[in-house]
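Please arrange chain B on chain A, whose structure you already have, making use of the hints.
Protein chains in written order, with the numbering used here: chain A, 53 to 373; chain B, 724 to 1009.
FYI, nobody ran anything at the bench for these hints, they're computed from the structure. Keep in mind that a hint or two might mislead.
Stated by the list, open to error - Incomplete in silico selection of chain A near chain B, CB under 10 Å:
(1) S91
(2) L94
(3) S96
(4) P98
(5) L132
(6) G138
(7) V139
(8) L152
(9) E161
(10) T164
(11) T168
(12) Q187
(13) F188
The C-beta atom is built at its ideal place from N, Cα and C for all residues, glycine as well.
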Amino acid sequence: MKVEEIRNIGVIGAGLMGHGIAQVFALKGYKVKLFDNDSRVLKSAPERIRNNLQTLLEMRLVEFQELEDCLNHLQLSHTLTEMCEGVELAIEAVSENLDLKRAIFLDLERLTPPQTILCSNTSGISISLISEKLQFKERVVGTHFWNPPHIVPCVEVIKSQFGSDEVFHTVVELMKRVGKEPVRVLKDVPGFLGNRLQHALWREAISLVEKGIADPEDIDRVVKYGFGLRLPFLGPLETADLAGLDLVYDIHQYLFSDLENRSTPSSLLKRLVDQKTIGVKAKKGFYHWTDESIKQIIQQRDKALLKITEVIKGLNREKKQ
Amino acid sequence: MNITTIFILHGLVYAGLLFLVSSGLTLVFGMMNVLNFAHASFYMLAAYFSYSLLRWTGNFWLCLLVCPFLLFVIGALIERFLLRRVHVFGHLHELLLTFGIAFIISEVVKWVWGTAPLPIEIGGFLDGNVTLRGVIYPTYRFFVLFCSILIGFLMSCLLLKTRMGITVRSAVDDSEMVNALGVNTPRVFMFVFALGAALSGLAGVISGPLLSINTGMATAILVDAFVVIVIGGFGSLIGAVVASLMIGQLQSFGALLFPKISLALIYLLMAIVLIAKPSGLFGEKK
Chain A
53 MKVEEIRNIG
63 VIGAGLMGHG
73 IAQVFALKGY
83 KVKLFDNDSR
93 VLKSAPERIR
103 NNLQTLLEMR
113 LVEFQELEDC
123 LNHLQLSHTL
133 TEMCEGVELA
143 IEAVSENLDL
153 KRAIFLDLER
163 LTPPQTILCS
173 NTSGISISLI
183 SEKLQFKERV
193 VGTHFWNPPH
203 IVPCVEVIKS
213 QFGSDEVFHT
223 VVELMKRVGK
233 EPVRVLKDVP
243 GFLGNRLQHA
253 LWREAISLVE
263 KGIADPEDID
273 RVVKYGFGLR
283 LPFLGPLETA
293 DLAGLDLVYD
303 IHQYLFSDLE
313 NRSTPSSLLK
323 RLVDQKTIGV
333 KAKKGFYHWT
343 DESIKQIIQQ
353 RDKALLKITE
363 VIKGLNREKK
373 Q
Chain B
724 MNITTIFILH
734 GLVYAGLLFL
744 VSSGLTLVFG
754 MMNVLNFAHA
764 SFYMLAAYFS
774 YSLLRWTGNF
784 WLCLLVCPFL
794 LFVIGALIER
804 FLLRRVHVFG
814 HLHELLLTFG
824 IAFIISEVVK
834 WVWGTAPLPI
844 EIGGFLDGNV
854 TLRGVIYPTY
864 RFFVLFCSIL
874 IGFLMSCLLL
884 KTRMGITVRS
894 AVDDSEMVNA
904 LGVNTPRVFM
914 FVFALGAALS
924 GLAGVISGPL
934 LSINTGMATA
944 ILVDAFVVIV
954 IGGFGSLIGA
964 VVASLMIGQL
974 QSFGALLFPK
984 ISLALIYLLM
994 AIVLIAKPSG
1004 LFGEKK
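Only chain A is shown next, with the shape it has when bound in the complex (with noise of 0.2 Å):
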C-alpha cells in the first residue's frame, strides 16, 4: 500500500493516547474511526479533543475553521468490525498487555484484507512477538508515541522481524505528512530508542539519590537547568561530536567505572514501591504531591511542551537555512 492510498485510519482504544492519536491524523485531513470497548470513554473522546485543540487554538496554532474540520474528520465506532470498514490503516492503542494486543490483532486479521496496514502503539513491548501468531505479519509495524501524542513531535516506526520495508516506509511517510518526526527503529529491541536512552539516564538519576550523592530537586535541576538545554536543539551524538570524539573517550575512560551498571531495579526503587509510595497516585514518591501542585504541572505541561517545540521548528528551519 502507497501512502497516498491511506485516507481512512482506524484507532483502537480512545484513552489517554488513543484520542491524542486520532486527533494527530483527523487535524490532516484523514477520516478517523475511533473505536472503544467503553461507550463513556468513546463518547467523551471528541469533547476531550476540542479541549486538546482550544489549548492549540489560544496559542493560535490551528484556526478555528480547522478545529471544526478535525472533529468533522472524526467518527466514533462502537464495534471493532464497524470500525475496521474501509480503513486503509488502524492504529492499537490499548493497555499494554501482550495477550490483550495479540487478541485485537488477531480480530483485526479477521476483518480486514490482508494489505490493510496494523499498527501497534506500544511503548515496549515486542512487535514480532504481537505479530508472531498472525497469518500476515508483514504489515504489522510498531507505531510508538509519545505522550501526549498531539503534542510531542517524535514517533518511533518500529521494524518487527517479520516487517515488509515497503509497509515500513509507507508508515514512516505516512508519519511525515501528518506533521510528526518519526524515527526509524530498524531492530525489534525492548525499549526501542527512546526508552532505552530515557531509562539509562533514570537508572543513573535514582542511584545518585540512593547513594545520597543529591537531592531528587537537585537531580531534577541539573538536567532542566543544564545539559537538558540543550537536548531539544542538540542530540547526545551531535554534543558528543561538537565536544570532540577524543575528548569523549578520555571521559569514558575514567568515568564509566563509577557510573551504576545495575541490570535489575534499584533497591531504592524497590523500597518506594514496597512502601506504595509509587509517585503521583500516593501523592508521595520521589517528591511529596498535592492534588493542586499535581492538577498545575499537568496543565502547564501542554503548554509548555507545545512552547518549547513551537520554539525547536523555528530554531531547526534556521539551521537548515
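Just chain B now, with coordinates in the frame of chain A:
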C-alpha cells in the same frame, strides 16, 4: 489460494461462535415470543466469570464446564422469578424486562471487573498451531469450530430424538395447545431459557481467548445474532446454523474483497431475505 483458505476458516470460526449465541436466542423467541435483549449479556457475564475462575484455578477446561452451568442457573432464576411474573402483562413488558436485565448485567460487570479489556491466556496445547494445506492456523480456532459443531450436533439430537425435544418443538409451534395437552409448559420454558443462557455462556467462555474480554462484547455479538435469527427465521435451529455460516463467510469475504462496504453487505443480505421471504429462510409464517 492460502488467503482464501484463511478467510474461509476465519468465517467458519466466527460462524461457530455466532451459532452458539443465536441458537438459544432463536429457540427462546420461537417459544416465548420474546426477543431476549439480555441474551448476549449472558455471553459477556460468562466470559468475565471465566476470567476470574481461570485466574483462581488456572484450568480452562474447568471454566468450560462451570461457567455455562452458572449461566444455566442464572437463566433459570431469571425466567422463574422475573420473566414469568411479567408474562401476563404481554410482550412489551417482557421486552422491557430483558432490556433492563441487559443494562444491569452490563453495569455490574463494569462495577466488578472495571472497564479495561481483559486478556485470557489459556496455555497448553490449545495455544499452539495446526498446519493445514500449507496454512498455519491457531489450534484454538479449530477448537472453537469443533465445540460449535459438537454443540450443534448434541442440540439436534436433543430436539429431534428425545421426548423433551419433541415437547420443546411443539411448544415452539403452539405453546397453548401443548399446555392443554397436559405438559407443564412453564417448566419447559424455564428449561429452554436456561439452556439458551448456558449456550450463550459457553460461547462467552470460548470467545475470551479469541476476541478478548471487554464491556462492549455483548453489543458487538448481539447485533450479529439478531441478524442471524432474522435471516434464519425466528425459532428455527437449522435457520440459525445456515444464517450463522452465511454471516460468517459474508463478513470474512466482505473484509477481504469489499472492505469499503463489508458491514453493509450483511444488512444487504438481510434486506434481500426479508423482501424475498419475510419470515426468514427457515421460518414459518404465523
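Could you tell me which of the hints above the structure violates, numbers in ascending order?
-> 3, 4
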